[in-house]
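Peer 1: One-letter residues, chain by chain:
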Amino acid sequence: MAKARILVVEDDDKQRQLYCEELIAAGYETLEARNASEAEELLNREQIDLIILDINMPGVSGLELLPRIHELHPGMPVIIHTAYGSYRDDFISWLADMFIVKSPDAGNLIEAVEDLLSRQREKKFQREVKQEP
Amino acid sequence: MRQQGVLEQTLAMILAGGVGERLYPLTKVKAKPAVPFGGIYRIIDFTLSNCLHSGIRRIFVLTQHKSLPLDRHLWLGWSSLFRTELGEFLATVPPQQRLVREWYRGTADAVFQNIDLLSHERPKFVLILAGDHVYRMDYRAMLQFHLSKNAEVTIACTTVPIKDASRFGVMEVDENDKIIGFEEKPQKPKSLPNDPSHSLISMGIYLFNTETLVRAVIQDAKRTDSDHDFGKNVIPSLVQQGAQVFAFNIRKELPPLFHYWQDIGTLDSYYDAHMELVSPNPSFPLHDDEWTIRTYLPPLPPAVLKGDAVTRYCVVSPGCVIEEGAIVEHSILSPGVYIGKGAVVRRSILLHRVRVSEGCHLEKVIVDEDVTIPQGEQIGVDLERDRKRFTVTERGVVIVPVGVAF
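Here the protein sequences line up with chains D and G, keeping their order. According to this note's numbering, the first sequence is numbered sequentially starting from 1. According to this note's numbering, the second sequence is numbered sequentially starting from 1.
Just chain D, with the same shape it has in the complex (with noise of 0.2 Å):
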C-alpha cells in the first residue's frame, strides 16, 4: 500500500520539522507548508490524504484556510493542531475532524493521525461495499 501523504502547515520551522521527522519515522509521506498560501499551492498540485493544521501563523490563519481546504476538498481529513485550546470556541474550528493540542512530545499528534487515517479507510470501505450490486 502506498504511503499516506500528510500535509503539515506550521509556520515554526523548528516544530514543523520535528513533526515531520515523526511522521516519516512512523511511515508516512510528507509535504511542508510555511503559511496559507504555500498550503493552497501544494493543496492544487499534489495528492494529500491528511492535512495537520496550525492556527496562529502569520497572515491567513489556519481558521480562515480550513473553510477555503473544505471548499476545494470537501472530505478532505484535518487535525488543527494549535498551542490554544481557545479556539475550539469559534465553531469554524469545528470542520476539522479533530482538534489538538500541542505538546511536547508529538505522540498524540501520531495517534490522531493514525486514527483519523483508519477512519477514513473505514468510510471508503463502507462506500464501496454500498456501491457493489
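It cannot be assumed that every hint is accurate.
Cut-off 27 Å, straight-line C-alpha distance, at most; resulting in silico cross-link-like pairs (DSS-like, lysine-lysine) [claimed, not checked]:
(1) G/K222 <-> D/K123
(2) G/K232 <-> D/K130
(3) G/K222 <-> D/K124
(4) D/K3 <-> G/K222
(5) G/K178 <-> G/K190
(6) G/K188 <-> G/K252
(7) G/K252 <-> G/K232
(8) D/K130 <-> G/K185
(9) G/K232 <-> D/K123
(10) D/K130 <-> G/K222
(11) G/K163 <-> G/K185
(12) G/K232 <-> D/K124
On the chain G side, residues computed to face chain D include the following (Cβ under 10 Å) [said to hold, decoys possible]:
(13) L99
(14) V100
(15) R101
(16) I115
(17) D116
(18) T210
(19) R215
(20) T224
Everything labelled a hint here was simulated from the structure, so no lab data went into it. Bear in mind the structure is a predicted one, so any value in this text is a computation, not a measurement. From the three backbone atoms N, C-alpha and C, an ideal C-beta is built for every residue, glycine too.
For chain D, the structure is supplied; the task is to place chain G on it using the hints.
Peer 2: Chain G only, in chain D's frame:
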C-alpha cells in the same frame, strides 16, 4: 453577572434569502419576506411580531436576493425596537462568503455560512425561522417543550388532512412526540398514530441546541450529495442518527389563537390567504389585542369613502380614497390606494399606492405596488386576453406586475 434566562440565551435566525420564484412577479423587485400582506403588513412582520411577543431579542435576518426593500422595511419599522445597550439587536446579514465563495445553496447552507455569528453570540438555543410564513406563535411555549423533552432539536408541526400532506415534510412520531421518521413530500404520507385521517407536517420552524445545530450543518456542508436543506437533508439525517428530535404540535400544545399557519408558497396560496382575511369569520383575525402584529406605516391620512361608494368585506388601509359610485367587495386595499369614480373591484388585492382609474372593472386581480390602471380598463373579466399580457395563475388569478405600462 446575573444568571441569563432561557430567552436571553436564545437567538433567532430568520431565513429571508430565497429567490421567491413561485411568487413571481410579486418578487420581481423584492425578496418574498418584503411582499405586502393583509393590507398594511409585509410578510416578515408576522415572524418578527412573534419574536417580539415571545421575548426573542437577538435576531439575525439572513438576506440575499433583492434585499433592499426588506432592509428598508426593517430599518424603518423594526430596528429601533431593539436596544443594543441591552445586548439586543435585529441585524440583516447578506452573504459574507467567508466560509464558501458562493451564494447560499440551501437553508442549512445559509446557517452554515454564518456559524461565525453563533461563535460570536454564543447562544444556547437557536431558533431557525422562515421569513415567509403567516402565523402567530409563542416561541416561549416551544422552548419550554424543548427543555421538558430534553430535546436536541424541536420542530414546530401542525396537522393537515392526509390528502394534502404530500406537499410537506411529514413526521412520524412515537407516543412521547419523538420523531422516529421524516419524509419530505412523500407520495403516501403517514398518518398520526391516533388519527388515521390526518398527518403531522413540519412548519419549517426549528429550535436547536446550538452545538447540535453547528455539528449538523457542518456535517451537511461536507456532503457533496446534499441539497443543504434542513427539511430535505439535515433533519432526516439527524432522525436517522437517532438524535433527540421532537415534534411540537401547535394544535396540541397551543390555544386556538395560534393554530393558523400559512406558508406563502405560491401566488394561489397568497391569494387564498387574503380571501380568507375578508371572509365573514376569518381564521386568522388581524385584530387581536393579545398578539398584535407590528409593521411600519408612513404617516398617512385616514381612509375616505366618498358619496355612495360601497365596500363589503374589505380591508381598507390608511390613505385610501374610494370615489363615489365605486364598488369594492371582498378585496384588500393597501395604504394609499385610489379607486376612481364608478370603478368595480371584486375579490382583488391592490398593493400600496395602486390607482384604479374611473370606470375600471377588476375581478380576482392582484395589482402590485405603484401601478396605475388606466380609465375604463377591464382585468380579470376576459382571461384569454389577460393571459396574453399578464401572469394568470392555474386558478385564474391575474397578476398585474410592478412597473407595467398600459
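Peer 1: Decide, hint by hint, whether the structure agrees.
Peer 2: So, going through the hints one by one against the coordinates:
Of the pairs offered as hints, the one joining G/K222 and D/K123 holds, with about 14 Å between alpha carbons and a cut-off of 27 Å not exceeded. Pair hint G/K232 plus D/K130 holds up; C-alpha atoms about 22 Å apart against a cutoff of 27 Å. For the given pair, G/K222 sits about 15 Å from D/K124 by alpha-carbon distance, which is consistent with the 27 Å threshold. For the proposed pair D/K3 and G/K222, the alpha carbon gap of about 25 Å is at most 27 Å, so the pair holds.
The straight-line distance between the Cα atoms of G/K178 and G/K190 is roughly 15 Å, inside the 27 Å bound, and the hint therefore holds. Straight-line distance between C-alpha atoms of G/K188 and G/K252 comes to about 24 Å, which keeps the hinted pair within the 27 Å bound. Taking the CA atoms of G/K252 and G/K232, the gap is about 25 Å. The hint holds against a cut of 27 Å. The suggested pairing of D/K130 with G/K185 holds, with an alpha-carbon distance near 26 Å, which does not exceed 27 Å.
Restraint check for G/K232 and D/K123: satisfied, since their Cα atoms lie roughly 23 Å apart, inside the 27 Å limit. At most 27 Å may separate the alpha-carbon atoms for a hinted pair to count; D/K130 and G/K222 meet this at roughly 19 Å. Restraint check for G/K163 and G/K185: satisfied, since their Cα atoms lie roughly 12 Å apart, inside the 27 Å limit. Distance restraint check for G/K232 and D/K124: the Cα-Cα separation of roughly 24 Å lies within the 27 Å cut-off, and the hinted pair is therefore satisfied.
A cut of 10 Å between beta carbons decides the hint on G/L99: the least distance to chain D is about 4 Å, and the hint holds. Nearest Cβ of chain D to the Cβ of G/V100: about 6 Å, under the 10 Å cut. The hint holds. Interface restraint check: G/R101 against chain D, minimum CB-CB distance 7 Å, threshold 10 Å, status holds. For G/I115, the shortest C-beta to C-beta distance to chain D is roughly 4 Å, which falls under 10 Å, so the interface hint holds.
A distance limit of 10 Å between C-beta atoms decides the matter here; for G/D116 the minimum to chain D is near 6 Å, and the interface restraint holds. The criterion of a C-beta within 10 Å of any C-beta in chain D is met by G/T210, whose closest approach is roughly 9 Å, and the hint holds. At about 7 Å, the closest approach between the beta carbon of G/R215 and any beta carbon in chain D falls short of 10 Å, and the interface hint on this residue holds. Satisfaction of the interface hint for G/T224 is found here, the shortest Cβ-Cβ separation to chain D being roughly 5 Å, below the 10 Å cut-off.
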